[in-house]
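Line order of the protein sequences matches chains A and B. Under this note's numbering, residue 1590 is the last one in the first sequence; the count climbs by one each step, no gaps. Under this note's numbering, residue 367 is the last one in the second sequence; the count climbs by one each step, no gaps.
The reader is advised that the hints may include incorrect statements.
[Unchecked claim] Computed footprint of chain B on chain A; a stretch qualifies when at least three of its residues, placed anywhere within it, have a C-beta under 8 Å from a C-beta of chain B: (1) 1317-1324; (2) 1414-1428; (3) 1440-1447; (4) 1515-1527; (5) 1553-1566.
Hints are computed from structural coordinates only; laboratory data are not their basis. Using N, Cα and C, we set each Cβ at its ideal position, and we do this for glycine too.
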Amino acid sequence: MSATLAADAPDPRRTFWQSTLRFCKREPLGTFGLLLVIIMALTGFSAEWLAPYNPTANDFGAMTEPPSLEHLLGTDQFGRDLMSRIIYGARTALIVGLTSAVFGGFSGLVLGVASAYFGGKIDLIVQRLSDIVMAFPLIIMALAVVAIFGPGVQNVILAITIPLIPRCSRVVRASALTIRSMPYVDAARACGFGHTRIILRHMVPNVMAPFLIMVTSFVGQAILAEASLSYLGLGVQEPVPAWGLMLQGGAEEYASTAPWIAIFPGVAIMLAVLGINLFGDAMRDALDPKLRER
Amino acid sequence: MYQYIIKRVLLTIPTLLGAAALVFLLMRLIPGDICLVRLGSGGASFDPKALAACHAEIGVDRPVIVQFLEFIWGVIRFDFGTSMWSGKPVSTEILARLPISIEIAVLATTVAVAIAIPLGTISALKQNTWIDVAVRIFAIGGIATPSFWLGIVSVLLVLDISAAVTGTPWMPPIDYVPIWKDPIRNLSMAVLPAITVGYRYAAVSMRMTRSAMLEVMREDYVRTARAKGLINKLIVNRHALKNALLPVVTLIGIEFAFLIGGLVVTEQVFNLNGVGRLFVQAVQNQDYTLTQALVMLTVAVFVFTNLAVDLLYGWLDPRIHFA
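Build the full structure now, drawing on both the sequences and the hints.
Below, the structure is given as structure tokens:
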């Protein structure tokens, strides 16, 4: 093996920390994104210890207070501390974002790989079904899900997961189709391996790169979708602290006299999605060998 | 080619039928009864006879399969019946709300194209310079910013600035006037929503333009064009851009199709009476006929935009053969 090839090939002996350090050196923007994501995750995990106030406690003596030392980001029209609500909101956003992305992604992965591998009628049926779900706008799907099952965190997750499935299965299917025609898949079949083994050992690992990138972007999309649904009153319900919910009602009404109520939750959503997208982009660049020299 | 078009048009039928079945099923799964809402009794006493009469009037007393076949037959004839809530023909209800939604969708697309294509191209041509970094940050910001929040903040800014300049706070009007009657009033209502929606839309298209342009600029035919001494402007405009726009056109088409029905949140923020609002009201009122018609409209727009984009693809890039 020549020296250049050896340098290009991923070194199996590189530890997790070494590859992380390499990623940080090559992708400063992505590192910034990763940092934002880590901060958000830590905030969500340790909301009980970080939040200075109870996020649902009203303080009618301190309504629509501007940001001060006592309330760092001010209070809303019910005297609830905005900082504490944003900290707890990170948890809600994380739960909805991660669960929808993981469930939507894995269902899409299974459908996409199976659709490409088996082809024929299964492929046709799966593709037509995806067409139907894709043509249904997300908000309308969510409206129906919420109308049937009622609002609440689980149903918001369901409403957001369903439209993500066909989007994932499309991309996975496209990469899986090229892998299916690879000689090593034919070889595996010639060896007499079963469908399950070929799918799990040969197909799935090879579609992992586009799949992981997509699931990362799904987390951001799901957080945005949750915020929109909660803002419309179709998502997470009071008193659960959620960023979209904080922008509903009072935020618009008090916007000119107490702009902090409208501004800070929006900034929180923006930073969260920004972090996830920056990290996802950097990951794509790092995983895609075609982009590496650019 | 013609065979391909016919095949594609035929393939839209199962999608439309499936969407029709899905919305029909979903609407009937929603608990509640439009007649109870219409009779105005939130669980209070009501006359069972009036309820039965109401059921007979809107036709929900018949077997579900009959209702479904009638709905499909109506879709085929473009006849969606009357709204179960207002009693007016569904087409009248939708046509009254459609102009504002279409106007915002068209304006937002214009904003997006006007920002995305030049900026995306410059960003690709000046890759890794400060211009490129600035454009990329602008773009990724557009994807991360919730458009409804941008709407709230922009209204807030307009209020504050107008109050500071003229002394009286100014708000965009919320009642729709056709553009040919009062263009200034019409535009002052539609511009802010168009910009807030257009920013996200522009961001997505900008990233697509940039990456497509980067790929195309490394193609052999661009090197050939350089080698034969063409000036840069010609290379970019004639050789590179035309080919780089292929994926961008697809994206713009798909996003536009989503906009028609997907303006729910924006219309809520700006208090506009468009199709998105009508959608929410129809679902909440359990207005089967109106919801079904609206879903069929958005799905049809989506399916046919996709079809148009695919056909346009073949026209833009003669190398693509349809089989």
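Hint check:
Requiring three or more residues with a Cβ within less than 8 Å of a Cβ of chain B, the coverage given for the region 1317-1324 of chain A is violated, as only 0 such residues are present. Restraint check on the region 1414-1428 of chain A versus chain B: 4 residues with Cβ-Cβ distances below 8 Å, three needed, restraint holds. Coverage of a stretch by a chain is defined here by at least three residues with a beta carbon nearer than 8 Å to that chain's beta carbons; for the region 1440-1447 of chain A and chain B the count is 3, and the condition holds. Counting residues of the region 1515-1527 of chain A whose C-beta sits closer than 8 Å to any C-beta of chain B gives 5, which meets the bar of three, so the coverage hint holds.
Given as covered by chain B, the region 1553-1566 of chain A passes the check, having 7 residues with a CB less than 8 Å from a CB of that chain where 3 are the minimum.
Taken one by one, the earlier hints fail for this structure only at number 1.
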